[in-house]
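> Each chain is listed here by its residues.
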Amino acid sequence: MSQQTAHASTAGHHPKYLAHHFESMAQQNAAGKLGMWLFLGQEVLFFSGLFLAYILARIFYPETFLAAHELLDWKLGALNTVFLLTSSLTMALAVRGAQVNSQKQMYWNIMATLILGGAFMVVKYFEYTHKFHDGLLPGKLFDAAKAMHNGVPANIPGAPAIFFAIYFVMTGTHGLHVLIGMGLMIWLLIRIKRGDFNSENHVYLENVGLYWHIVDLIWIFLFPLLYLVR
Amino acid sequence: MESNRKNVPQGAHAATAGGAEPNYINAHKGIWSWMTTVDHKRLGLMYLVGVLGFFAVGGIFALLVRTQLLGPIFKGASGKQEWLFSGETYNKLFTLHGAVMVFLVIIPSIPASLGNFFLPLMLGAKDVAFPKLNLMSFYVYILGGAFLLFSIFTGAVDTGWTFYTPYSSTTSTSVVSAVLGVFILGFSSILTGVNFIVTIHKMRAPGLTWVRLPLFVWAQYATSLIQVLATPVLAITLMLLAIERTIGVGIFDPKLGGDPVLFQHFFWFYSHPAVYIMILPAFGVISEIITINSRKQIFGYKAIAMSSVAIAVIGFLVWGHHMFTSGQSELAAAVFSFLTFAVAVPTAIKTFSWVATMYGGSLRMNSAMWYAQAFLFLFTIGGLTGLFLGTLSVDIHLHDTYFVVAHFHYVMMGGTMTAFVGALHHWWPKMTGRMLNEFWGKVSCFFVFAGFNIAFFSQFVLGTKGMPRRYANYLPEFQYLHQISTIGSYLLGLGFFITLCYMIQSLINGEKAPPNPWGGRSLEWETDSPPIEHNFHHQPVVTHGPYEFPEIDHSQAPRGGH
Ligand code: HEM
Ligand SMILES: [Cu+2]
Chain W
1 MSQQTAHAST
11 AGHHPKYLAH
21 HFESMAQQNA
31 AGKLGMWLFL
41 GQEVLFFSGL
51 FLAYILARIF
61 YPETFLAAHE
71 LLDWKLGALN
81 TVFLLTSSLT
91 MALAVRGAQV
101 NSQKQMYWNI
111 MATLILGGAF
121 MVVKYFEYTH
131 KFHDGLLPGK
141 LFDAAKAMHN
151 GVPANIPGAP
161 AIFFAIYFVM
171 TGTHGLHVLI
181 GMGLMIWLLI
191 RIKRGDFNSE
201 NHVYLENVGL
211 YWHIVDLIWI
221 FLFPLLYLVR
Chain A
1 MESNRKNVPQ
11 GAHAATAGGA
21 EPNYINAHKG
31 IWSWMTTVDH
41 KRLGLMYLVG
51 VLGFFAVGGI
61 FALLVRTQLL
71 GPIFKGASGK
81 QEWLFSGETY
91 NKLFTLHGAV
101 MVFLVIIPSI
111 PASLGNFFLP
121 LMLGAKDVAF
131 PKLNLMSFYV
141 YILGGAFLLF
151 SIFTGAVDTG
161 WTFYTPYSST
171 TSTSVVSAVL
181 GVFILGFSSI
191 LTGVNFIVTI
201 HKMRAPGLTW
211 VRLPLFVWAQ
221 YATSLIQVLA
231 TPVLAITLML
241 LAIERTIGVG
251 IFDPKLGGDP
261 VLFQHFFWFY
271 SHPAVYIMIL
281 PAFGVISEII
291 TINSRKQIFG
301 YKAIAMSSVA
311 IAVIGFLVWG
321 HHMFTSGQSE
331 LAAAVFSFLT
341 FAVAVPTAIK
351 TFSWVATMYG
361 GSLRMNSAMW
371 YAQAFLFLFT
381 IGGLTGLFLG
391 TLSVDIHLHD
401 TYFVVAHFHY
411 VMMGGTMTAF
421 VGALHHWWPK
431 MTGRMLNEFW
441 GKVSCFFVFA
451 GFNIAFFSQF
461 VLGTKGMPRR
471 YANYLPEFQY
481 LHQISTIGSY
491 LLGLGFFITL
501 CYMIQSLING
511 EKAPPNPWGG
521 RSLEWETDSP
531 PIEHNFHHQP
541 VVTHGPYEFP
551 EIDHSQAPRG
561 GH
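Listed in order, the protein sequences are those of chains W and A.
Residue 184 in the numbering used here sits at position 184 of the first sequence; the count goes up by one each step and never skips.
Residue 428 in the numbering used here sits at position 428 of the second sequence; the count goes up by one each step and never skips.
Since the hints were made in silico from the structure, they are not lab data.
You may find that some hints are simply not true.
Stated by the list, open to error - Here are the simulated EDC-like pairs of lysine to aspartate or glutamate, each with C-alpha atoms no more than 20 Å apart in a straight line: (1) 140(W) with 259(A); (2) 302(A) with 533(A); (3) 16(W) with 200(W); (4) 255(A) with 63(W); (5) 75(W) with 127(W); (6) 104(W) with 43(W); (7) 29(A) with 533(A); (8) 33(W) with 43(W); (9) 146(W) with 70(W); (10) 131(W) with 73(W); (11) 255(A) with 143(W); (12) 132(A) with 196(W); (13) 132(A) with 400(A); (14) 465(A) with 400(A); (15) 132(A) with 23(W).
To be verified - If we take Cβ atoms under 7 Å as the criterion, some of the chain A residues that face chain W in the derived model are: (16) 190; (17) 228; (18) 249; (19) 256; (20) 477.
C-beta atoms are modelled at their ideal positions from N, C-alpha and C, and glycine is treated no differently.
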C-alpha cells in the first residue's frame, strides 16, 4: 500500500483563499456549491409546508379565496414581480462579472440587486400598512367591522381570518428571506471592495445568487396563488 | 505484507505519540481555544459532553416519572389521591422527559458527537467540508437547548413531546419557548446534515470509492439526507404553532375554521422520518462493531448500505401510521399500513446480515460487542412490536397505551442508546487515548440490559391490558406491573451510572490506548490515539475495503469486487 508524502502544512503553493482542509480550489468550489444546493432543497421543503396549508385552506374555503383576494392589490404585486425578476437578472450578471473577472460589473450588478430587493420591501411595506390600517389581519386579529368602516368590502364568506393568516405568514416568511438576501448583498459588496472575488474564487457570490433565485422563484408562485385567484 | 505495514508503525506510534506531534486535545490550550475551535474532533467531543449532560437531565425526569408511578392508586369516585406529584406536574415531567430525550439527546447523539468525530477520519479528510458552519451548528444546538430548558422556569410545557393542537394552542403553559427551542435545534440538525452530505461527497481520500466506505459512513449519509429533507417541515410546523399561540392564525384552530389534524400530519411527516434519524446511525455503529469483532467480511455490504437509503426513502411515506385513530380515510390508513410493513423489510435485511456476519466468525466479546448483542436483542423486539402497531385493527386497541411506550423505548433506548453507549466503548480509545475497563463495561451492560427489559417488557403487558399512556394515576390492578417497571428503571439508571464511573476513571488513570486496539481496517484506525490535530501524518490512500481483515482466509473462496 503506497502513501503520498505531501504533508498537510508543507504543501506550499496553496492560494490564499483555499481553506486548509481542501486539496484544490475545484474541490472547495464544488463543496460550496453542493452545500448550497442542499440548503436550497431544505428551503423548498420549508415553504412546501406553507403551500400545503394554502392548498388545504383553499380546498376547504374556495369562496373565501375568491372573495378575499380582491382585497389584495394585484398591481402592486405585479410591480414587485417585475422588481424581483429584474433583480434575478442583475444577480446573474454579477456572477457573469465574476467569471470574466470584471470587478466593476460585479459591484454594480450586486448594488442593483440590492436596490431592487429594497424596492420590493418598500412596496411590501405599503401593502402591509394598508392592511393593518383596514384591519385585514391574520387569525383572531382580523377585524371585518373596521374594514367595512373604512369602506373595504370585507364581508367575506367562509374563513377570511385564515386567508389573511396564510397571506401574512407566506409573504412575511418570504419577505424575511428577501431581507436576509439583502444582508448578504451588503456583505458581498464589502467583500468585492476588498477584492476577494475573481474568476477562480467566487463560489460565495454564486451561492448568494442561487439563494436569491430561489427567493425569486418562491415569489413567482406566491404572486398568482394569492393575488390572481380565479 | 499489508498486515505487516500496519503492525510495525503501531508500536512505534504508541511509544512516540505524546512526544512527536501534539494531539488534537493538547495542540491548543485554554477554554477559549475550545470555544472557538473549528476542529471536528473537538466539536464532536463538545457535542458528546452536551448530549451526555442532557441525557442525565432527561434521565432524572424519567426516574421522577417512574417514581410517581410506584405509588398512586386511584381512590374510586370519592376523590383523587395524589402521591408525589399532582397531575399537572406529572404532565410537565413526562413532556420535558420526552422533549429533552428526543430533541436534545437521541437526534444529535450519534451523528453530532461520533459522526463529527469519525466521519472525516473515516474518509481520510482533514475536516468536515464546512468547519465554521460546524461550530455554528454547535452553538445553535446549545441555544436551542437553552430555550427548551428555559421553558421550565416559565411554567414548563404539558403537551407531551408531540405538541398536538388544539391543546398546545390553548394550554396556559410555556409552549412558545419550548417550541422555539425545538425550532432552533432543527436548524442545528439541518446544518449538520448539509455538512455531512457534502463531506461524504467531496472529501473522500484517493481510492476511497463508495463501496469502500465504512458502513457507518453510509448510515450517516442516509441520516443526513433525512435531516435535511424532513426537519424543515417540522420547523415550519412549529413556527405556525408559535404564531397560532401568539396571534391565533387559525390554521390549526377549528374555532377559526382550521384543521387540528393538519398539525398531526405535519408533525409526523417530520417525526416518523426522524425516528430513522435516530436509528440509522445506530445501525451504522452496529455494522462496525460486529464486523470488527467477528474478524470477517461483513455479510451483505451492499445490501446493508442500500437498505439504509431505502429506509430513508420509504420512511418518508409512512407517517400516517401514527394517525390510524385520527379519522383519516380508510384507504389512506390501509396504504400507510402497507408501507409500514414495507419499511420493515430493509430493516430486517440489516438484522439478518449482522447475525450472518457473526455466524462462523471468531468472535471477540469485548464490552462494545456486549452492547451490540444487547442492541440486536432489544431492537428486534422493538421493530417487531412496531409491526403489531402498524397492523390496523391491532393498533386500534393498542394506540396510546403503554404498548406504544414500550415499543418506542425498545427502539430508541434499547436500540439507539445501547448502540450509542456501545459505540462509545468501541471508539473511546481513539477519542481519548485511553482504554476502558472491560470488566466493568460488561457489568454495566448487564445492568442496562436486565434493567431495561424489566422496565419495559412489563409495559408491553400493561399496554395490552389497556393501561393508557401519559396518566399520573391508574387502576389498582395495574400497580404490580408499574412497580416492576419502576424497579427496572432504577437498575437501568444504575447501569449507566456505572458506565459514567469507569469512563471518568479511564480519563484519570486508564491504560494508554494503542492506535488500533481492535485491529480495524478503516482509516480512523490508521492515525494516532488520540489523533493529531490535522488527523493524518500523510494523506492516506485507500487500496482495500473497510473490513478486509488479515485473518480472512482468501484461499478458500474467491471474493469479488476488489
Ligand atoms: C420496524 C420498524 C418500525 C415500525 C413498523 C414502527 C411502527 C410504529 C407505529 C405503527 C407506531 C404508532 C403506534 C401508535 O401510536 O398507535 C409507532 C410509534 C412510535 N415509534 Fe415506531 N416503528 C418502527 C421503528 C421505530 C424506530 C426505529 C423508532 C425510533 C428509533 C420508533 C419510534 C417510535 C415512536 C417515538 C413512536 C411513538 C410516538 C408517540 O406517539 O409519541 N419506531 N411505531
Ligand atoms: Cu412512525
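> With reference to the structure, classify each hint as holding or not holding.
Right, here's what the structure says about each hint:
no. : hint               : result
1   : 140(W) with 259(A) : holds (15 Å)
2   : 302(A) with 533(A) : violated (33 Å)
3   : 16(W) with 200(W)  : holds (12 Å)
4   : 255(A) with 63(W)  : holds (18 Å)
5   : 75(W) with 127(W)  : holds (11 Å)
6   : 104(W) with 43(W)  : violated (31 Å)
7   : 29(A) with 533(A)  : holds (13 Å)
8   : 33(W) with 43(W)   : holds (15 Å)
9   : 146(W) with 70(W)  : holds (17 Å)
10  : 131(W) with 73(W)  : holds (10 Å)
11  : 255(A) with 143(W) : holds (16 Å)
12  : 132(A) with 196(W) : holds (18 Å)
13  : 132(A) with 400(A) : violated (43 Å)
14  : 465(A) with 400(A) : holds (12 Å)
15  : 132(A) with 23(W)  : holds (18 Å)
16  : 190                : holds (6 Å)
17  : 228                : holds (5 Å)
18  : 249                : holds (4 Å)
19  : 256                : holds (5 Å)
20  : 477                : violated (44 Å)
Against the hints set out earlier in the document, violations occur for numbers 2, 6, 13 and 20.
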